[in-house]
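Trainee: Protein chains in written order, with my numbering: chain A, 1 to 452; chain B, 1 to 176.
Rather than coming from a laboratory, the hints here were simulated on the basis of the structure.
Using 20 Å as the maximum straight-line C-alpha spacing, the simulated SDA-like pairs for lysine to any residue come out as follows:
hint	chain 1	residue 1	chain 2	residue 2
1	A	LYS61	B	PRO83
2	A	LYS52	A	GLY102
3	A	LYS355	A	LEU329
4	A	LYS109	B	PRO83
5	A	LYS36	B	LEU94
6	A	LYS50	A	VAL35
7	A	LYS450	A	ASP423
8	B	LYS56	A	SER23
9	A	LYS269	A	GLU217
10	A	LYS109	B	SER153
11	A	LYS52	A	SER40
12	A	LYS49	A	ARG73
13	B	LYS56	A	SER26
14	A	LYS109	B	ASP53
15	A	LYS109	B	THR86
16	A	LYS109	B	VAL48
17	A	LYS109	B	ALA50
18	B	LYS56	A	ILE19
19	A	LYS36	B	GLU139
20	A	LYS109	B	ARG55
21	A	LYS291	A	ASP436
No experiment lies behind these values; they were computed from the predicted model shown.
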Amino acid sequence: MNPSTPSPLRILVVDDEAIVRESLASWFEEDGHQVKTAASGQEALILLKKEKWDLAFVDIKMPGMDGLELNRRIQELSPETTVIIMTAFASVETAVQALREGAHDYITKPFDPEHLSHVVRNTAAQHDLERENRELKEKLAETLSHPEILGTSPGIERVRKLIQTVGPTDTTVLITGESGTGKELVARGIHAASPRAFLPMVTVNCGALPEGILESELFGHERGAFTGAQYRHKGKFELAHKSTLFLDEIAEVSPKIQVELLRVLEEKKVTRLGGTQSIEADFRTIAATNKDLLMEVKAGNFREDLYYRLNVFHIELPPLRERREDIPLLAEAFAARLAASMNKPVPHFEPEAMKLLMSHDWPGNVRELTNAIERALVVHEGDIIRASDFPFIGQGNKAEGWGARSLAQVEKAHIQRVLEECDWNISQASRILEVDRTTVYNKMKLYGLKRS
Amino acid sequence: MRTLALVAVGELPKGFPALLIGRLEKETGMSCEVLDESVDPSAAYDSVRAQYDCRKILPLLDEIALRRGDLVLGVADVDLFSPIFTFVLGEARLGGDTGLFSLHRLHPSFYGLQEDQELLWARAEREALHETGHLLGLEHCTNPDCVMKFSASAEDVDLKPAEFCPACAAVARGAV
Ligand SMILES: [Zn+2]
Ligand SMILES: [Zn+2]
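One chain only, chain B, in its complex shape:
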């Protein structure tokens, strides 16, 4: 069985990405580990947009996945974009090996609110699980009580639970 490897992309707040392991293992049934190595995102920086291009970071994660034969989920704390969007919370190759998400827009402080570690953690768990779901072949789910429901914003993320609905759980288990 393949494991899910968590990789830090640049600097992360204290405790990340190890804080995500419990939830990911519980919901996916995969074993999960944090890699010692990390990925430097600076090559993906776009000085005009002052953001990091998601699609330039994913290939760096692909290299690790290829070398290890694991699924790789990158965790960043920088503002991510993809060419046609002003920002993305995360991106993953559907049914592929690599995915990425960022804590940047999950911080309450990003919206001018009091920083809240618990809330950041709760949001990060959902985003991590959501992108992992894509790696397991799951598309977006219309069930509002499912972590695979699409979220365009941190507020959307707060509305869904940190778990799969029964239908998505069944697909995820099948893939694992």
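The following block holds chain A by itself, in its conformation from the complex:
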């Protein structure tokens, strides 16, 4: 919000003198505020009960209910209304009494225009600030309500400790780990542990967008920067000002954008596409990938300078099969959360079911486990989840893998199994398979894979 132009206020002027009511009202109205007047405390109370007021100017000396009494009633009735007492020099002491009883300030008649406009501007700024704070608190609550990182295995304990270490700093973090291990969760954890937590983290999935769109998503564009750019558009770097920018699937970024990224990360300044001015942005960067980024550098797919710029602090997430001891905790937590969202009672796992879950290799990691439990929750009967509620586990590990001999057969079986695990959600399957969606489509066509 521009501090020189605070929002218009709803102002109530209460005075038995018509000249004061009229002069103040027209003065405030000319300044863009919404104003009503009341000639007495009783009249004011009616307006206060009917409508919300940001600011009330209350004359201290009125016949009937005086300003002191009206102030008390306003404090009870509408504590969010800022009360300014109007007084003659002679009654300043009474005004001070009103301040003790919750009035915000007093002004003496005749009014000093500078002081009066200062009072109004201050109140407006304060109301804007309170509104911003409210919004921030809501955003914060939203940020904090994100699922935490679950598990007690040494691998996950280590990750948690790294998050606590690096979180409060401004250090750039690279998170690596297989698909579905929870890299975004770690990024959120880092953000939540930082002083930037009160603004929402800004996420860009670099793998999901074609180069042109990703470029304008990241850096923004001015109106008319390219065909279809009808409006100016703020980039994610700008949106992440004072917050954290999470660049997911960073390895998928094209060489051209790698160069631009490097420059923005070094200069902390962004120029919108088609723009000439560079805009300063104070953001913290977290990047993630399921690829071995150093291998990508060696293969010439990823710039070495950008790699070092991103890999200042490294967090490697263990695959689920390397922390099997966390599976019961995860399974129960997911079951409880999902049951709650489906309005079902929280189910128990029979020991056989848990054993099965712990023996599976989970190539799709935590995400795959969540999906499996979600499906089991739909098909299970009673309040017990049984091994038979996971028909795809086990089969895949043994029979299909060894039954198929040719590479094509193995590929077909593998894709089919992953699709079934994802309930034939192709986007999800493509993430687990680490190929793009088109590839999954083409393979499905090639092998005649269909949901039965």
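Mind docking chain B with the ligands on chain A? Use the hints.
Mentor: Okay, now just chain B with the ligands, sitting in the frame of chain A:
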């Protein structure tokens, strides 16, 4: 088309109000002239406050406006007040025919500073244009780059330009 008539209210520093014509004509597109007659503010003097009551001067300007059929902007160099304010820099009837402003609190010397004719002139242009804007029906504008932004003090006056923002300019042109 109506003209904007500038009237001296009491004694004015050398060159005023003629110095204001160029700016007013350029920004409003109205033709502008300085009247030979002037207005004596002494009847509006309040001996308790040692100031001049703005609302007692405006009716004197109303008479001239009625007689001539022009818009009339009075220019004074005395300290103006309105009953509920300790002072006013100027006052105008919104969308009406008459307005008034004073150089009194625009002088740097009023604040104990070295007198500066250029600065006084620059401030006077803004105040004259601001009150004329009110005559053309303009309310206060929230754009800080607009002469219709409210100014409570000479310092505020210095912060804004001597021109309308595009939105206010459009309304002003429509009124003219
Ligand atoms: Zn004004
Ligand atoms: Zn304007």
